[in-house]
Each structure stands twice: as C-alpha cells, then as structure tokens.
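Number of protein chains: 2
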Amino acid sequence: MNFQSKLIENAVEEIAKLPGIGKKTALRLVLHLLKQEEQSTSLLTDSLLKLRKEIKACKTCYMIGDTEECSCGKEHRDQSVICVVEDIRDVIAIDNTAQYRGMFHVLGGIISPIEGVSPKDLNIEALIERVHEAAGQVKEIIMALPSTMEGDTTAYYIGKKLKEYKVKVSTIARGVPIGSELEFTDEITLGRSIQSRVNYDL
Amino acid sequence: MNFQSKLIENAVEEIAKLPGIGKKTALRLVLHLLKQEEQSTSLLTDSLLKLRKEIKACKTCYMIGDTEECSCGKEHRDQSVICVVEDIRDVIAIDNTAQYRGMFHVLGGIISPIEGVSPKDLNIEALIERVHEAAGQVKEIIMALPSTMEGDTTAYYIGKKLKEYKVKVSTIARGVPIGSELEFTDEITLGRSIQSRVNYDL
Numbered sequence: 001m002n003f004q005s006k007l008i009e010n011a012v013e014e015i016a017k018l019p020g021i022g023k024k025t026a027l028r029l030v031l032h033l034l035k036q037e038e039q040s041t042s043l044l045t046d047s048l049l050k051l052r053k054e055i056k057a058c059k060t061c062y063m064i065g066d067t068e069e070c071s072c073g074k075e076h077r078d079q080s081v082i083c084v085v086e087d088i089r090d091v092i093a094i095d096n097t098a099q100y101r102g103m104f105h106v107l108g109g110i111i112s113p114i115e116g117v118s119p120k121d122l123n124i125e126a127l128i129e130r131v132h133e134a135a136g137q138v139k140e141i142i143m144a145l146p147s148t149m150e151g152d153t154t155a156y157y158i159g160k161k162l163k164e165y166k167v168k169v170s171t172i173a174r175g176v177p178i179g180s181e182l183e184f185t186d187e188i189t190l191g192r193s194i195q196s197r198v199n200y201d202l
Numbered sequence: 001m002n003f004q005s006k007l008i009e010n011a012v013e014e015i016a017k018l019p020g021i022g023k024k025t026a027l028r029l030v031l032h033l034l035k036q037e038e039q040s041t042s043l044l045t046d047s048l049l050k051l052r053k054e055i056k057a058c059k060t061c062y063m064i065g066d067t068e069e070c071s072c073g074k075e076h077r078d079q080s081v082i083c084v085v086e087d088i089r090d091v092i093a094i095d096n097t098a099q100y101r102g103m104f105h106v107l108g109g110i111i112s113p114i115e116g117v118s119p120k121d122l123n124i125e126a127l128i129e130r131v132h133e134a135a136g137q138v139k140e141i142i143m144a145l146p147s148t149m150e151g152d153t154t155a156y157y158i159g160k161k162l163k164e165y166k167v168k169v170s171t172i173a174r175g176v177p178i179g180s181e182l183e184f185t186d187e188i189t190l191g192r193s194i195q196s197r198v199n200y201d202l
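Line by line, the protein sequences give chains A and B. Oh and the first sequence: position 4 is 4 in full-length UniProt numbering, straight run, nothing missing. Oh and the second sequence: position 177 is 177 in full-length UniProt numbering, straight run, nothing missing.
Be aware that one or more of the hints could be misleading.
One copy or two, it doesn't matter: identical chains are merged, so the pair holds either way.
As the list claims (entries may be wrong) - In silico lysine-lysine, DSS-like type, Cα no more than 25 Å apart, as pairs:
| no. | residue 1 | residue 2 |
| --- | --- | --- |
| 1 | LYS24 | LYS56 |
| 2 | LYS35 | LYS6 |
| 3 | LYS50 | LYS17 |
| 4 | LYS23 | LYS139 |
| 5 | LYS120 | LYS35 |
| 6 | LYS139 | LYS35 |
| 7 | LYS59 | LYS168 |
| 8 | LYS74 | LYS6 |
| 9 | LYS59 | LYS139 |
| 10 | LYS35 | LYS23 |
| 11 | LYS161 | LYS24 |
| 12 | LYS23 | LYS53 |
| 13 | LYS23 | LYS163 |
| 14 | LYS168 | LYS17 |
| 15 | LYS59 | LYS161 |
| 16 | LYS120 | LYS166 |
| 17 | LYS6 | LYS53 |
| 18 | LYS53 | LYS24 |
| 19 | LYS120 | LYS6 |
| 20 | LYS23 | LYS120 |
| 21 | LYS24 | LYS166 |
| 22 | LYS160 | LYS35 |
| 23 | LYS24 | LYS139 |
| 24 | LYS59 | LYS6 |
| 25 | LYS139 | LYS161 |
| 26 | LYS139 | LYS163 |
For the record, the hints were derived by calculation from the structure and aren't laboratory data.
All chains, full assembly: derive it from the sequences and hints.
Rendered as structure tokens:
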C-alpha cells in the first residue's frame, strides 16, 4: 500500500507489528486517532510508555503489577495452595471466576522444543525453591496449564521435580464444557471425560 | 475484569477505546508489548505522537499528508478530472488500483441527517470553489461515494451544486463484483447491474 505520507506509513507499520493487526486495520486505527482530539492520542501513548517503564514482576509469583510485591503474600490468599499457570492472562481469568483464593505462580510460557523454550527459560526453578522455602506450608500445587502436548509435558516435568516434597500435585479438570452438546464435543475430550468421570455423592 | 494493576488497567482501557478492539484483545496487545524490548513500545508511541502533531491536510484536496501541498497539483496527475471520495482510505484504495491518475477531493464524510452530518460539515463548498477557480480546466467530476442512501444523497447534492459549471459529473459503476457468482449477488445490485448494462463494442 502506498500512503502518500511518511507519517501515516510509519504509524501504520508500527501498529501492524502488533499481533492480529494487519495494515488495513492499522490504517483504520490511525484515521480514528486523527479524527479524535490530540489529547486522546497522548493519553494512549502515555499509558503505554508508563506501563512499559514502571511495570514490575512480583519476586515471588512472577505476576506483573505495579510493585515487586503483589497480593500473593497477603493474608486473604490461601497460603497452602499454588496454582501454576502459563501467563498472567490465566491469572486474571482464574481470579475472575472467584472460585479460587489461593496463590499463583506464573511460568512465563510452557516447555516447547519446537519454539525453543526449555525448562530453563521458565520460572520452574523458582517454583521448586518456593515450595522448598515454604517448608510444608504449601500443601497442594494445581496445574492450570493448556491441555496440549506442551502443557502436559510441562505439568509432567514440574510434577517430577516436586516428587521429593510432601505436596499434592493436581490438574484442573478436563472434560465437556458446561452448556455444550455431547455430539459436538471432540472425541478426545469426550473420551477423557469418561475416563475422568466423577462419582456422585449420593 | 480485575487486572490487579493500575498500569495494566490504564493501558488496556486506552487501547480498548480504539474501534473494534475489546478489553481481551487490548490485554493481549499489552502483554505482547511487555514481552518485546522497551524500544518497540517507544517506536510505536513516537510514531503516533509524531503523526498526530505533524500531519497536515492538503489545502486543495484535503488529503492528509506530510505537507500542506500534496501531489494533487503535480504534473503527473491529470488536472482535468477530480474524483470525489468520502475519506482518505478511499484515496489510498483507488490510488492502489493504478487505474486512475487524476486528482482527488476528500469530503471528510458524507451527508447523514441521522448522524447529524450536514453539507456544511463537509468539504463540499471547497470543491465547488475549486471547480470555479479552475475555470474550465476541470472537465469531469467522478463521484466515488458509498452506494448507500447517504452516499447517493451526497452525490445528488454535489451534482446539483455543479450544474452551473460546464463539467461532466459521473459515478463509479455499480454492479456485480468481478469473480462473484450471480446467484449469490443481492437483488438490488443485480437489478442495478441489468439497468446499467454496458454495450459491447463489436
């Protein structure tokens, strides 16, 4: 595309570097910003620059936030259970269910030989250290990782590393999503949901 | 959504103000920027701020660009024909077809009583002035406006205003898009494509 303007071209190219945004969408966003008052552009850019400069990862759980100490050590969180997740989006998603009040541990990715991600690139050692230092206070580790080969590999790897500690290791339930029809559920999910059937308390 | 961080929340809210981007996508973009080097965020914000500050609208055709004089007055553009469009995206789209080498005139919108856009809000007077000042040099005005009621109204309004000048007024062809099947074309388009049939030169 020829934009007849270096300014527009630069802005479009920078926006189109973001995932899921092509040049046409980028141009639409640029034109939107040009139609708005100048202040709305500076509000946007300020918030991004401030975020990039001031954001900190929690030293304990690696959740990013405004300070180096997030809510993971606070009293309102159950200190006996740690939920292991891939990235901070999972923390937000699980927190928003209001079904879990324990701590989190953000791995920052999952083991993936294809993408060149090895256990060393993740915050796995820090998790083991955390369990070690808690000295029996942590009773359970819940794996909330993607149900893919990479996710299962990561869970298995962490599980083996945790074997020497007296800690229960569990994984979130896989099965038929609530509200969905059995006939439209894929075979692997359905098969696994039968294997992992749950007894009714009658 | 509770992001546990004011910095993330602000950035997500600012990005989610852009059209077509919700909070989940905004969060994805924010996390992408956080994974990249700090420089990529500043490149993005710099390009947006520079664009917003330095962009200029051409005094003649209202196409936005780096200077107040765009290519519309240059020799390589046919000075006898003006293509009237809604916004600058249409200029880029038509320019990229490489089928048109004349000048453009950007209205900055179309007449829409529902959205409160009246002829006064658009660059229509400037177009009439432009035709007037060219004193017969402009031979044709091509309307490349959306084929909606608003687009047709705008074209009709401009057409009437141009009546006193010796200038041909035309509109881009409406019809069945190239490569599409007749049976899947809507009735109005198909009906219009029969009305506006073109004779073969045999």
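Now the hints, each set against the structure:
1. LYS24 to LYS56: between (34 Å within a copy, 21 Å between copies)
2. LYS35 to LYS6: Within one copy, since 18 Å is at most 25 Å while 27 Å is not.
3. LYS50 to LYS17: Classified as both; 20 Å inside a copy, 18 Å across copies.
4. LYS23 to LYS139: neither (50 Å within a copy, 35 Å between copies)
5. LYS120 to LYS35: between (47 Å within a copy, 17 Å between copies)
6. LYS139 to LYS35: Neither. Shortest intra-copy (56 Å) and inter-copy (32 Å) distances fail the 25 Å Cα cut-off.
7. LYS59 to LYS168: within (24 Å within a copy, 72 Å between copies)
8. LYS74 to LYS6: Classified as between; 18 Å across copies, 51 Å inside a copy.
9. LYS59 to LYS139: within (21 Å within a copy, 71 Å between copies)
10. LYS35 to LYS23: The answer is both: 18 Å in one copy and 22 Å across copies each meet 25 Å.
11. LYS161 to LYS24: Cα proximity of LYS161 and LYS24: none, with 48 Å in one copy and 34 Å across.
12. LYS23 to LYS53: between (27 Å within a copy, 21 Å between copies)
13. LYS23 to LYS163: neither (50 Å within a copy, 39 Å between copies)
14. LYS168 to LYS17: Classified as neither; 43 Å inside a copy, 44 Å across copies.
15. LYS59 to LYS161: Intra 21 Å, inter 69 Å, cutoff 25 Å: intra-copy only.
16. LYS120 to LYS166: within (24 Å within a copy, 76 Å between copies)
17. LYS6 to LYS53: Result: close only across copies, 13 Å inter versus 28 Å intra.
18. LYS53 to LYS24: between (29 Å within a copy, 22 Å between copies)
19. LYS120 to LYS6: Intra 43 Å, inter 31 Å, cutoff 25 Å: neither.
20. LYS23 to LYS120: neither (36 Å within a copy, 32 Å between copies)
21. LYS24 to LYS166: neither (55 Å within a copy, 38 Å between copies)
22. LYS160 to LYS35: neither (57 Å within a copy, 29 Å between copies)
23. LYS24 to LYS139: Neither, since 51 Å and 33 Å both go past 25 Å.
24. LYS59 to LYS6: between (43 Å within a copy, 18 Å between copies)
25. LYS139 to LYS161: So LYS139 and LYS161 pass the 25 Å test inside one copy only (15 Å; across, 80 Å).
26. LYS139 to LYS163: Only inside one copy: LYS139 and LYS163 sit 13 Å apart there, 85 Å across copies, limit 25 Å.
Comparing the model with each numbered hint stated earlier shows that hints 4, 6, 11, 13, 14, 19, 20, 21, 22, 23 do not hold.
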